[in-house]
Structure formats: structure tokens, C-alpha cells
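Here the structure of chain A is known, so what remains is to put chain B in place on it, guided by the hints.
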Amino acid sequence: MRVVIGEDQALMRAGLALVLEQAGFEIVAVAGDAEDLVRKTAAHRPDLLVADIRMPPTHTDDGLRAALELRRRLPGLPVLVLSQYLQRDYAVELLESGEEGVGYLLKQRIADVERFVADLHRIVAGGSVLDREVVAAMVGRYRRGDPIGRLTDRQRAVLEQMAEGRSNAAIAEQLGVSEKAVVRHTSNIYDELGIDRTPEDHRRVLAVVRYLSL
Amino acid sequence: MSAVATTPAQDHAPYSRRQALTLAVGQVAAGALIAGLVELALFYSGNDDPPAWPAVLYVAGAWIYVAAGTVAWLRRPGSRIGLLMTIGGFAWLGAGLINTSVPALVAAGSIVQTVPIAILVHLLLAFPSGRLRGTAERVTVAGIYGVSLVLQAPRYLLAPGPLQIDEDPQLLDVAAWTQRGVATAFVLVACALLLRRLRDAPPAQRRVLGPLSLYGAVAALAMPLGAGIVDLLDGRGAILLSCVQMGLTAGVTVFFAIAVSRGGFARTGQIEELGARLGGEEGRREGLAEVLGETLGDSSLELLFRVPGEQSWVNGAGVATVPPAASTRRGVAKVQLGDETIGAIVYDATLLTRSDEVREAAQIVALALDRERLTVELRASRARLVEAGDEERRRIARDLHDGLQSRLVLLAVQAGVAPGTSSELREGIEVAIDELRALVHGVMPAELTERGLPAAVNELADRMPIDVVLEVAGFERRPSPAVESTAFFVTAEAMVNAVKHARADELTVTLAHGERALRIEVRDDGTGGAGARSGNGIRSIADRVEALGGRLRIDSATGAGTRVMVELPCAS
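Sequence order for the protein chains is A and B.
For the first sequence, position 27 matches number 27 in my numbering, and the numbering has no gaps at all.
For the second sequence, position 124 matches number 124 in my numbering, and the numbering has no gaps at all.
One chain only, chain A, in its complex shape (with noise of 0.2 Å):
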């Protein structure tokens, strides 16, 4: 699988090669900036973008702004941004930007690289990726009178594991239930939060980003 990376960091970039190398991913490009990050992914057009969300110029979101950019011209461009910290704001612009194929985690996720890789592959599958700590501060954010508020601990436990991305089998496995109950919690969820009848992935995904903007 090609691969472009953005990252302006010799030490990060290393690693970043480093495990992606190991997990079979081919390197096409690399980029220092948002601008050629943009050019060298329009031109290559690989099947995962990798992306510091701090870059030059300004140092601020502009690989995160990049990547938008990008997932605007190459729909359906399955896109991963690292950051050094979290902040909501950025999963929720990302997942808003199109609800398939995009991840967003810490950069020392990287290390754990079985995990890692198969995050890489579920994004590249289609899947959303959401870094634990970001949907815990969700969770931990609880407010009266929201739809989240209403939901059980069960419904809450379900809903923070599909925001991470996973599958109603990995959650049943996680969770220690049936398949089956993962999914009644599921339709109860979107029941709750009022998300209307939508292909599957979609209805996933609202309720992912319902869950993160509140």
C-alpha cells in the first residue's frame, strides 16, 4: 500500500518510516510543509496520507487543513493526522469533512505498532480511527439536558467504542456481550440521538460526530 507522509520533524518522520516500512506500507513521499504536502499527495494520490496537524508554515493546524483540503479534491482519500495533544475540535472537523477513512491519534500511538498498523488498515478500509483519550474526554463531559446525557452506562460504553472505530464484534468482544446485544444497544442509541434511517457506516458516524460535537 503507498503511503505519503506529512511531517516537518526529522525524529518523528524516522519513526514514522520505521513502522510503516515494517508493516508493509510503500513510502511515496514525504513532506516538510503544508503546501507540498498538498502538491505531492494530489501528484501520487496513495491510498493513506499520514499527517502531522502542527506543520510549517504557520505551525498551527495547517496539516490538519491540508488533509481537509485534500480529502476534498480526492474524495474518499482515507487520511490519518497525528498530533502531539489532543483537541476535539480537530476530530470533529475531521469527521465532519466526510465520515469514511479518516483517523485521528496521538503520535505516541505510533509505538504501539500492532495496534497501530491495524488502525492503519481499518482506516484504509473505510473505518474511522478516534484516539481513546479524546473520546474519554467526551465521555467524561457530561451534560445535563443533552441526548448523551440520556443515554444508559451500557448505551455510553458502546457509542465511546464506535466513536474508536470499531466494529460491533470487536465491541461485543471488548464489552463481553453478544453481537447481538452490541447491535440492539446500537439502534437504541441512534433512536436516542435521533439519527434517522441511513445506510449503516453513516448512521455510525452521525452518531460519532452527534457524540463528539455536543
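By construction, these hints were calculated from the structure, which means they are not laboratory data.
Do not take every clue at face value.
[As the list claims (entries may be wrong)] Just the calculated beta-carbon pair ranges, DEER-fashion: (1) 320(B) - 191(A): 56 to 62 Å; (2) 287(B) - 152(A): 57 to 63 Å; (3) 60(A) - 374(B): 37 to 43 Å; (4) 169(A) - 427(B): 25 to 31 Å; (5) 42(A) - 478(B): 28 to 34 Å; (6) 399(B) - 187(A): 47 to 53 Å; (7) 56(A) - 374(B): 42 to 48 Å; (8) 341(B) - 56(A): 41 to 47 Å; (9) 42(A) - 438(B): 36 to 42 Å; (10) 420(B) - 191(A): 49 to 55 Å; (11) 125(A) - 478(B): 24 to 30 Å; (12) 57(A) - 474(B): 54 to 60 Å; (13) 152(A) - 300(B): 55 to 61 Å; (14) 152(A) - 476(B): 35 to 41 Å.
Yeah, the Cβ is synthetic: ideal placement off N, Cα and C, and Gly gets one too.
Showing chain B alone in chain A's frame:
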């Protein structure tokens, strides 16, 4: 209990002070009324030899003085002219005592018989602020008091009365005329001083000051001279002259009171008061811009200060600014101290149409403004320190991010991919990375630098274990970095305190970014009583707020939750 932490907290002292003044002045006026009635009663009841009816004029004159004094005093509490008029009223009452039949009172009356003349001269020279301006004025006023008290002595010691020690009509006559002569001389000196003042006054003042001074001078001269003429006349002529004389003198106070309270002199008087107000003690001194605005009657008045040794300007909050060009709506008056321009008064030119008055005020406040300028400069340098500190924090956060954190991530990756390495090593490094991330966040949160205050506070709210309601307004443009980071740290401190100490269940955070200020309110429903235990955290935050010229207030009654309110001025 309620705690107020640092910075100029607003209290309502001016109102209670005002009420106390009204009460005190009212009591004095009532006292004068009653004393006058008692004196009248003493004239005509139980007196075997009641005075002729013009004696009533003493009491009438006293009442007019006190009435005019009361009005002037209440209208212009800072001016001493009202007080002086009131004292004049009591002097008239004292002088009137000579008409009673009680020997001790007659003695007192004869001693202070001519004091009203001295007070009239004092009034003339001290108009409109109630303060004497020059040495010549002070000497003249001291002299006329001397004449009215010392040269009066022979007149009660030699004339028939309770204090008489010898009978010598000829000597008495000489003494009386001597006193009148010397008094007249002093009054003439006073007139000369008035003329000099009139000559130096701005033309606009001269129009009002001229007739007033002329009238006052005539009234003052009429007293010693008139008394002599009365002595020469008998019967109806003397009575008529006494009436005219009393009418003239009483009239002076009425016109002065009107002039001090309204008309052009109100302002001149106030500008002189201004000098006195600004000379107050350090802690009690009011803000120069407020005093000046109040004095000139323009609440939009602003003071700008020129930074010493530089061409740049700052406003009262120490924020760099540029003096506006004078227009038909905004007037600008430069303040000079010696040859140096030290500041500028920016005022509403539609409200204050007389630029010469503003310039006059500017010169009076020059010294005070110079002092204030140093304060502002100090504040600006403290604000620069805060900014420099923040810049340093941003640099440290960046270096930790780009250097140490990246290196640790690479290490963790190497530990993760190296064959035969236990996963504990990698997990240990990951824990170190988490700790470093928390540390960097505490130094300077990246979301604050990158996304601004609302995003950073929102992020903070996510981490709070309790319900947080966040209300945000006016952040279409970002505040300056120093204001932004100070706002963030103070909000974070207040939020953390609410959770840690107040055991709150709900927090409401309001961030309102206005034209001139950023207002923050953090309100919780916890146990309150924050004043007693507010520790170093909030104290150091308060210092930061103050360094930027802001205010911080904590309302934390026990059991009623805590409200932290912060206002930070922004450059508009």
C-alpha cells in the same frame, strides 16, 4: 464572608460622603437659623433698652450669608468658599450680639464687631475656590483680620460697655478713625490685588470676574467708610445708610454663591479644586482622568501619556496607542511640563467647546500627570514582563514538543519494533510521554496558542469532572497574547479551585470579549468561603491581572457558591 482580592475595587464611599456632607451642612444651617432667632429674641425681650430696628439687619445678613454659604458648599464641596461664607454668617451673628442686654454677649459682640469686614475681604480674594493664591493675598487677608481684631481693642476698652477700662472719648475717636483708616487701606490693597488678577485673567473670565470684583470692592469699602459716615449722621440717614450697607455686603455672598455654583466660574473654581484634590495622599488620590473628566464635565475624557524618552504613547492601561488627530468631535490638548510634552487630554469637543479651559486644566494637572505617567510606565513594564514570561513559556512548550517529546516517541517506536524487547519498556516510555504532555499543557496549552481562548477553555471544560456551561461572546477577533494567556490561566485556576476546594456540581464560565475589555466570570454552586483559603494560585493570578491593568474580584460567601470576576482591558 466576602473577599475582595487586589486592585482598585469600586466602593460607594462618594455617596455616603455626600450624604454625610449634606447632613452636616444642614445642621450648621439649622444652627444658624436657631441662633439668629435666639439673638432676635434677646434684642427685644427682657431688654430695657431695645436697639433700633436696623439691628435686625445683623441677623438678616447672617442668614443670607449662611444660606448662600450652604448652597455654595453643597454645590461645590471641594471649594472652601461655601465654608467661608458660612463662617461669615456666624461672624455677623457674633457682631449682632452687641445689641443684646447680656453683658457677656455684648462683650463678645464688641470684640468681633468688625470681623465681617475681614471675612468679606477674604472672600473677595479667595474667590472662586476659597483658597488664597499668592503671598500678597495671604498677607493682605492676615492684615485685615489683624485690623479687625487688634485695632478693635481700644474701641471696646475705652467705650462704654462691659469691657470698658477707661473713659477717654477723644482717644476712642482717634482709635475708631485709625481702625477705619487702616482697614480702608487694606481694602484698597485688596482692590489692587483684584485689579491685578483681573488684568491677568483670560478675557472670558474677565467678563464675569470684572463686575463681581468691582461690586465686592465697593461693598468692602462701604463697610469701614460707611461706618464712619454713620457715626457722623443721625437718625433716618444713618438707618438708611446701614440698610444700604448691609444690603450691599449680603448681596456679595449671594452673587458669589451663584457664580461659584453655575456660570463660567464654576469651572474655574473646580479647576482650582482639582489642584487640591490631586495633591491628596497617595492611597486616597482619585484617578486623574476621572477627576479631570468630572471637573470639566466630560466622562468620555481620556488621558494619554508619552512614554519617557520615547516618541510613543500609551493610554491609562499602559497599552500603546496613538493620539488621535484633533477634529470637530474629538479635541486634543497637549500637556507640557517645562519644554517637554508629557501627555495629552483627549476630550469631547462638542461638549467642551472651550479649548482654552481644557488647556488651562492641562497645565494644572501637568505635575500630577507626570506622576501618573510614571505609574502607567511601571504598569506597562509589568505588562511587558508578563508578555516576556509568556513568550518564554511558549518557547519552552515548543522546545519540549519538538525536541524531547519527539525523541521519546522515536524511542518508544524503537522499543516497540525491536525484537526481543519487552512491552514494559515501551509502555514506560509512553507513560513518560503522557507526563510530558501534561507538563507542556500546564506551561502553555497548545490549543490556546493555536486556536485561542474559547477553544482552550472548552478543552479545559472537557477535562472537568463536573458539568460546565460555557458562554462565549465576541471572539471573532483574538485578544492580544498577554490578555489571552492571562485570561486562560485565571479561568483555569478558578475552574480547578471550584472542583478541588468548593466541591461544586456545576460551573458556569462566561467569556465576553468587548471593545475595551475582556470580561470573565466563573461561577460555581459550591461551598463558597474562598476568601479564607484562597492560596498562592489565585494570588499570583491576581498579580498577573493587575500587571495588565485589570481587576479581579471574588465573591464567595460561605454556602452561597463562588463567583470569580475578572476584567482585562484590551486595546480597542
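Cross-check of the supplied hints:
| no. | hint | result |
| --- | --- | --- |
| 1 | 320(B) - 191(A): 56 to 62 Å | 58 Å, holds |
| 2 | 287(B) - 152(A): 57 to 63 Å | 59 Å, holds |
| 3 | 60(A) - 374(B): 37 to 43 Å | 39 Å, holds |
| 4 | 169(A) - 427(B): 25 to 31 Å | 27 Å, holds |
| 5 | 42(A) - 478(B): 28 to 34 Å | 32 Å, holds |
| 6 | 399(B) - 187(A): 47 to 53 Å | 50 Å, holds |
| 7 | 56(A) - 374(B): 42 to 48 Å | 44 Å, holds |
| 8 | 341(B) - 56(A): 41 to 47 Å | 45 Å, holds |
| 9 | 42(A) - 438(B): 36 to 42 Å | 38 Å, holds |
| 10 | 420(B) - 191(A): 49 to 55 Å | 51 Å, holds |
| 11 | 125(A) - 478(B): 24 to 30 Å | 40 Å, violated |
| 12 | 57(A) - 474(B): 54 to 60 Å | 28 Å, violated |
| 13 | 152(A) - 300(B): 55 to 61 Å | 59 Å, holds |
| 14 | 152(A) - 476(B): 35 to 41 Å | 40 Å, holds |
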